[in-house]
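So the sequence lines, in the order shown, correspond to chains A and B. Residue 1 is where the first sequence starts when you use the working numbering, and the numbers rise one by one after that. Residue 1 is where the second sequence starts when you use the working numbering, and the numbers rise one by one after that.
Everything labelled a hint here was simulated from the structure, so no lab data went into it. Hints may contain errors.
[As the list claims (entries may be wrong)] Here are some chain B residues the structure puts well away from chain A; computed CB gaps all over 12 Å:
# : residue
1 : ALA3
2 : GLY103
3 : TYR163
[Claimed, not checked] Here are the simulated distance ranges between beta carbons:
# : chain 1 : residue 1 : chain 2 : residue 2 : range
4 : B       : ALA130    : A       : GLU38     : 50 to 56 Å
5 : B       : THR4      : A       : GLU297    : 32 to 38 Å
6 : B       : PRO120    : A       : PRO100    : 30 to 36 Å
[Claimed, not checked] To give an idea of the interface, some chain A residues facing chain B are shown, with a C-beta separation under 8 Å as derived from the structure:
#  : residue
7  : ASN158
8  : VAL316
9  : LEU322
10 : ILE326
No residue lacks a Cβ here, since even glycine has one placed at the ideal position from N, Cα and C.
One-letter residues, chain by chain:
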Amino acid sequence: MTWKGKDMDTSKRNLYCNLAALCLLAVVLYLFDQYGTEYQIRILNNMAVFITLAVSYNLVNGMCGLLHLGPNAFITIGAYTSALLTMSPMEKQMSFIIEPLIWPFSVLQAPFFVSLIAGGVMATIFAFIISFPVFRVRGDYLAIVTLGFGEVIRVLCNALQGVTNGPLGLKGLQPYTNLWWSWGIAVFTIIVITKLVNSSYGRAMKAIREDEIAAKAMGVDPFRHLMLAFLVSAFFCGVAGGLMAHLITTISPTLFTFFLTFNLLIIIVVGGLGSTTGAVIGAALFAWGGEALRVVESPMNFGAFTIPGIPGMRMVLFSVILMVVIIFARRGIMGRNEFSWNWLFTKLGLNAK
Amino acid sequence: MSATIFFQQLSNGISLGSLYALVAIGYTMVYGILRLINFAHGDLLMVASYTAIYAVTMFSLPWYLSFPLAIALTGCIGILMDKVAYKPLRDAPRISLLISAIGASFLLENLALVIIGGIPKGFPRPEIFAKVIEILGVRVQVLTIYIPIMTLVFLMALLYIVYRTKVGKAMRAASKDIETTRLMGINVDRIIALTFLMGSSLAAAGGIMWALKYPQVNPFMGVIPGLKAFIAAVLGGIGDIIGAVVGGFVLGLGEILLVAFFPELAQYRDAFAFVLLILVLLFRPTGIMGEPITDKT
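Modelling step: build the complete structure from the supplied sequences, incorporating the hints.
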């Protein structure tokens, strides 16, 4: 067999494996959709939304090596845009009691899918506008400027009552987000981001991460590549925001604080900065672990004595986990490695040498 | 706007500016040496306020004992924070250090939430700080006068240490070049610990005065003042102590006067600082007092 033939075989095999994995996922989702409890479905939905968020957030933080602390701004924009589009004009009139909704939103209504895309596009436009000041700076300054934008968006959400209904938020959204939407978008995000990372653009991003000056000397334009990563990430954050809005069905500015960014940061650090696989694992662990760790907040029985439940204990644990991982196991679960079928088959000893 | 109100607002702005300045100094000192934004710095305000509350209410200490005690304890917590969260990461990429700082900040906040609870506590305000006096027809709280004076005292002490003592010389050397400083036989770790002690103590003093001024103490009270103080430090040119003070005053006065002159913008007050930060970074990235950039990583 020629080298070329063998490569074709592996790539064909990988394709089949991917398809098989997708089918398996579909079957599992179908089973949960039919027989799962509401609680399980909720966790699965959360998991998918966090996977979408973490994978796209990781594109900027892990692949490009920028400490971007403002994804909550994009999520907010996506959530509000999408929510305003799916609500019917009647509902909007009912909820905006303090100040009526401004014109274009007050009459528009769109199907769920269109609203998600619109959320993503709005987030991307915003990201484009702020990218000019943001990319003037690097490192800690970039962190604080993006954090600042997140904060500004929160302030605007509270203040612009004609658009966001202020602190009251938007209530009674239709729960459109189901397993198929959330996981479909999660899978789509993973595919797009993986393709992007493995393309020449992705390699340029990694080159910028390793050494921006060297990358520049090689003819890579940092601004353009960082901007691309930033915009793609913002788009998916916006879409995920829309999913989130229609999952929780009530949104208000308090939902999208820096806290959300902090959670995403934990996810990608624990999963391994710069690994899409790691981001997926981290998000899944977070969504599941966040529920599992409720144990520490409920009263505990140690035979003779009882410890009363301490609300908030989970966040203490999360902070400790973040610090322990960053201090003692900086590479996280996956480091910068990715899962691949080749690796799996080699491990199983099935790969022809 | 009448002159009386204007002077009232001006004094408010000056006292708010002093608080920002006190906290900003800690940011700037740590940044100067470690090139680290100590995200947890703002939370020291909260730690100091709670310590002071418990010293007054549980151990019934008088305020003139409990406040210094709280400042000293917070200083020690600052050193502890350095030892636990930052020291193991001295050789790590900067992004790891920053993430560790965010972790430390959340840990402090949530520990306070778990141990003390989220309900705001009233700060026991000693009588002498609550008085209102009249100067030239302007009624002001004595506190608004004490705060700038205390800030000035602390600042003088700090400047004396940094510019007139041997330790201060070592600090300045470390902020220029840590490796060379080490080669000169200076125990850099001790200098860093001292920097954290001084920065944290100043933050603690700022926190207690903050709590005296706005007597509502909750686990997240330090977040926004901390962020704004950091912005003040950047405004003044980070790494520069005098710059941090100037930045603090600019920000504090700017915020108060913005609200005073344009009351309808009051709800955008928290965004003002960030907009200012973005403008400064765009047009003068090294801040008001900063020197031209010398790239050093």
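Earlier hints that do not hold, by number:
Those not satisfied are hints 2, 5.
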